[in-house]
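**Q** Sequence:
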Amino acid sequence: MKAYLAEKLNAALSSLSYTGVEPTFEQPKLEQHGDLTTNVAMVLAKKAGKNPRVLAQEIVNALKLDPDSVEKVEIAGPGFINFHFAGAFFVRGLQGILKQGESFGRTDGGRGVRTQVEFVSANPTGPLSVGHGRQAAIGDTIATLLEWTGHAVTREYYYNNAGRQMRKLAESTYARYRQLFDPSFPFPEDGYQGEYIKDIAEQLKSARGDALLGVPEEEALQICKEVSEATLFENIRAVLARMGVRFDVFFNEDSLYTSGALQEVISELRAKGLVYDQDGAVWFKATALGLEQDRVMIKSTGEPTYRLPDIAYHREKFRRGFGFIVDIFGADHIATIPDVLAGIEALGYDKSRVKVVIHQFVTLLRDGQQVKMSKRQANFVTLEELLDEVGPDAARFFFVMRSISSHLEFDLNLAKEQTEKNPVYYLQYAHARIASILRFAESEGALAAGEQRVLADANLDLLSGAAEIGLAKLLMSFPDVIVSCSTSFEPHRLTTYLGDVATAFHKFYHDHRVVVPERDLSRARLALCKATQIVLANGLKILGISAPERM
RNA sequence: GGCCCCGUAGCUCAAUUGGAUAGAGCAACAGCCUUCUAAGCUGUAGGUUGCGCGUUCGAUUCGCGCCGGGGUCACCA
4 MKAYLAEKLN
14 AALSSLSYTG
24 VEPTFEQPKL
34 EQHGDLTTNV
44 AMVLAKKAGK
54 NPRVLAQEIV
64 NALKLDPDSV
74 EKVEIAGPGF
84 INFHFAGAFF
94 VRGLQGILKQ
104 GESFGRTDGG
114 RGVRTQVEFV
124 SANPTGPLSV
134 GHGRQAAIGD
144 TIATLLEWTG
154 HAVTREYYYN
164 NAGRQMRKLA
174 ESTYARYRQL
184 FDPSFPFPED
194 GYQGEYIKDI
204 AEQLKSARGD
214 ALLGVPEEEA
224 LQICKEVSEA
234 TLFENIRAVL
244 ARMGVRFDVF
254 FNEDSLYTSG
264 ALQEVISELR
274 AKGLVYDQDG
284 AVWFKATALG
294 LEQDRVMIKS
304 TGEPTYRLPD
314 IAYHREKFRR
324 GFGFIVDIFG
334 ADHIATIPDV
344 LAGIEALGYD
354 KSRVKVVIHQ
364 FVTLLRDGQQ
374 VKMSKRQANF
384 VTLEELLDEV
394 GPDAARFFFV
404 MRSISSHLEF
414 DLNLAKEQTE
424 KNPVYYLQYA
434 HARIASILRF
444 AESEGALAAG
454 EQRVLADANL
464 DLLSGAAEIG
474 LAKLLMSFPD
484 VIVSCSTSFE
494 PHRLTTYLGD
504 VATAFHKFYH
514 DHRVVVPERD
524 LSRARLALCK
534 ATQIVLANGL
544 KILGISAPER
554 M
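Quick note on numbering: the first sequence equals residues 4 to 554 in the numbering used here.
A hint or two may mislead.
Straight-line alpha carbon distances no greater than 20 Å define the calculated EDC-like cross-link-like pairs of lysine to aspartate or glutamate that follow [unchecked claim]: (1) K171 x D202; (2) K171 x E198; (3) K302 x E271; (4) K375 x E392; (5) K354 x E271; (6) K171 x E232; (7) K32 x D69; (8) K375 x D414; (9) K302 x D282; (10) K419 x E388; (11) K544 x D503.
Keep in mind that the hints were calculated from the coordinates and are not lab data.
My request is simple: use the sequences and hints to build the entire structure.
**A** In structure tokens, the structure reads:
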């Protein structure tokens, strides 16, 4: 429709010899402003030296449109040209939805480009937090949105199981293990305080008894590290799986060390004059690239800081053939990004192919009070505990329902509530209600069993009520919504849209009885129900939330 | 102090990326079930979009300056 109008509008403009303007269309907020609107008249007004409304009238007079699809064109406000489509246009569009079914909403603007989405990427030093949960939900949803818009997506998790943090983990587990035999054994100063370390120590004891007491400490620490890492990683995978999040690749930072990728980055940057030695450390000359200060890449101890492997990792992403790279980070990582982007650009890669998505933090609310989360005090709520409490559907929905650049206030009471107040249930209820109607229709003989697929043959012109057309109109915009969510990396818009669909459906349900004696009308309304169910199911699927048949 | 995010109805948040009269949900009040799921629907009320300049046909959106909240500024990740 947009393409059709663009063509007609361009023809009108050139017949009036206005050139050099590409008209744009958008969907007006208010229904009375029509279905599509263009602001060309206002854009052209200054250049043409004419009043925008007068200009708009000229353009409208020159337009030749098919009255079967465009019912009415009018000029409004400061000079908008509003196009009102015929109701039949929307209603007939339902056929397409019914035919496409579970693939309705997919588009191919991404042209199959190989796209990597990196998210979560927590090191195996402890259980996932609710912040990781938000990142998992956002990352997985963005990955799915990219798939739905034609990208070939790889979901990737980057982790480091070497270095200081893992050493600390091993020492913590070892100390807890020793304490099981001798409570006075000292716990490391800055060790991991959490209860989970004690659990791992207990496991170690029941599996191996006191065997670790008899081996040299280095060996015991190595065992502690391996067991802790394996246990924690297993837990991380399991918790993510409960949320329906699965990764294609777990990329180990360690491989960058063994492959020589780090040295390669250093020497290439050094050759470009972007690396120098000072105070026994190796520095990245970030100031030469317009950044605020130079940064250490290799400490005087010989150990790299995170920057070097991060740059090397991003180069690997390019080398592995990804045409588009999406990084999902929490707000606490924001400071590291400019260095990495500058680094890969200096290495000759196009940093505009990297999209960094930064999300803000999560605070939990219980009984109207903020739940204090302190990792140090070890009284933080883990993602696993949250899933136990509210379930994966509510968790995933709540995690993505706010703009990612905003703080998320997660109301535990609301997420648990199985009432109309809870937006997740509102959506799922609409889906279940439709399933129930379809079952009823079959039991009444209004619809033969398994006939749902051929509802596309229904006489859709019988749908003429405002609620019916309004709903059909909304359903038709689903593919555009997916594209918009995908290109803007704003998955919360999908939750808002689905809420609108559910509202429009409930209104339709309230205004019209679906199964009525007139068989053709029944079938038309059933087609509308089925199309709504398809949109809800597809939308929920993208969000990773179940679409129940009964509630 | 530098940089980043946020500030919109009593509360939690939207607002088609610069559009027309700023919208939802919750809370409050008033209604709607003999009928396909009331986990639903309808209505009322609620606003100087933190404040002030500026950019232009037009600003919640862009720029500058304040105010307030959060984050971040390591030879930690």
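**Q** Does each hint hold? Answer for all of them.
**A** For each hint, the structure was consulted:
1. Pair hint K171 plus D202 holds up; C-alpha atoms about 16 Å apart against a cutoff of 20 Å.
2. As the CA atoms of K171 and E198 are separated by approximately 15 Å, the hinted pair is consistent with the 20 Å bound.
3. Restraint check for K302 and E271: the C-alpha separation of about 18 Å stays at or below 20 Å, so the hint holds.
4. Restraint check for K375 and E392: satisfied, since their Cα atoms lie roughly 17 Å apart, inside the 20 Å limit.
5. Among the hinted pairs, K354 with E271 is consistent with the structure: their alpha-carbon atoms are about 17 Å apart, no more than 20 Å.
6. For a cut-off of 20 Å, the pair hint linking K171 to E232 stands: about 12 Å separates their Cα positions.
7. For the hint linking K32 to D69, the alpha-carbon distance of about 24 Å lies beyond 20 Å, and the restraint is violated.
8. A threshold of 20 Å between alpha carbons decides the hint, and for K375 with D414 the separation of about 13 Å falls inside it, so the pair holds.
9. Distance check on the hinted pair: K302 and D282 sit about 9 Å apart at the alpha-carbon level, within 20 Å; holds.
10. A threshold of 20 Å between alpha carbons decides the hint, and for K419 with E388 the separation of about 13 Å falls inside it, so the pair holds.
11. The suggested pairing of K544 with D503 holds, with an alpha-carbon distance near 17 Å, which does not exceed 20 Å.
Checked against the numbered hints given earlier, the structure breaks only hint 7 and satisfies all the rest.
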